[in-house]
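Q: Residue numbering for the sequence shown follows our numbering, starting at 2 and increasing by one per position.
Quick caveat, the hints were computed from the structure, so don't treat them as lab data. Hints are supplied without guarantee of correctness; some may be wrong.
[Unchecked claim] Pair by pair, the computed Cβ-Cβ distance ranges are: (1) E128 <-> Q88: 18 to 24 Å; (2) E128 <-> D45: 29 to 35 Å; (3) L48 <-> S76: 33 to 39 Å; (4) Q88 <-> R130: 15 to 21 Å.
[As the list claims (entries may be wrong)] Straight-line distance between alpha carbons at most 25 Å, and here's what the computed DSS-like set of lysine-lysine pairs gives: (5) K119 <-> K46; (6) K119 <-> K43; (7) K43 <-> K102; (8) K92 <-> K105.
Where is the CB? At the ideal position from N, CA and C, for every residue including glycine.
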Amino acid sequence: MRRDGRLLAAAVVITTLSLTFTRAPALGLHYRPVALDALREKADKALPREKCFLYARVISQMTDSADIQLNSGNSGEAVETLSAMRQYAEKIHVGVSADAKNLKSAELLIWHSSTRLKGMLQEASFEDRPALETTLHKIDQIQTQLMMQVFKK
Numbered sequence: 002m003r004r005d006g007r008l009l010a011a012a013v014v015i016t017t018l019s020l021t022f023t024r025a026p027a028l029g030l031h032y033r034p035v036a037l038d039a040l041r042e043k044a045d046k047a048l049p050r051e052k053c054f055l056y057a058r059v060i061s062q063m064t065d066s067a068d069i070q071l072n073s074g075n076s077g078e079a080v081e082t083l084s085a086m087r088q089y090a091e092k093i094h095v096g097v098s099a100d101a102k103n104l105k106s107a108e109l110l111i112w113h114s115s116t117r118l119k120g121m122l123q124e125a126s127f128e129d130r131p132a133l134e135t136t137l138h139k140i141d142q143i144q145t146q147l148m149m150q151v152f153k154k
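Produce the complete structure using the sequences and hints provided.
A: Dropping the structure here:
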C-alpha cells in the first residue's frame, strides 16, 4: 500500500510540473517559441486575418518577460514591457474581425496572459501596481472582445 501511495504522489508531481512548464500545449496551442523581436516583426507584416493570433502570441511572450523582469527587480523594464503589451492589445482591438484565423487560440492566449497578470498583481509592489492594473484592464477588455467574436461564429 505504501508503494502505491508513493507512486501516486510521484505521478501527481510529474503531471503538475509538466502542465506548469508546458503552458502552450496545455492550451492546445502547439508552436515553437520564437524570439520576441522576430515575432513582433512577423505580426506587423502578417495578413490582416493572421495579425490577431500573432499579436496574442506577442502579448503572451511579453507577459512572461514582464513576470521575469518584476521577479528580478527590473521594475523599469517591466513597466516598459507592460506599456508595449497595451499597445499590442490596442492593435488587436482595432484589427480583430470575425474572419480572423485562430481566433479561439488567440482568445486562450489572452486569457492565459490575463490570468498571469492577476497573479503578478497579487505579488507586485505598490509602485508596480498601477502599470499592472492598467495592463490587466486592457487585456481583460481584449479577452472579452475576442470571446464575443468566437461566439458570434
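Q: For which of the previously enumerated hints does the structure constitute a violation, in increasing order of number?
A: As far as the earlier hints go, 5 and 6 are violated by this structure, in ascending order.
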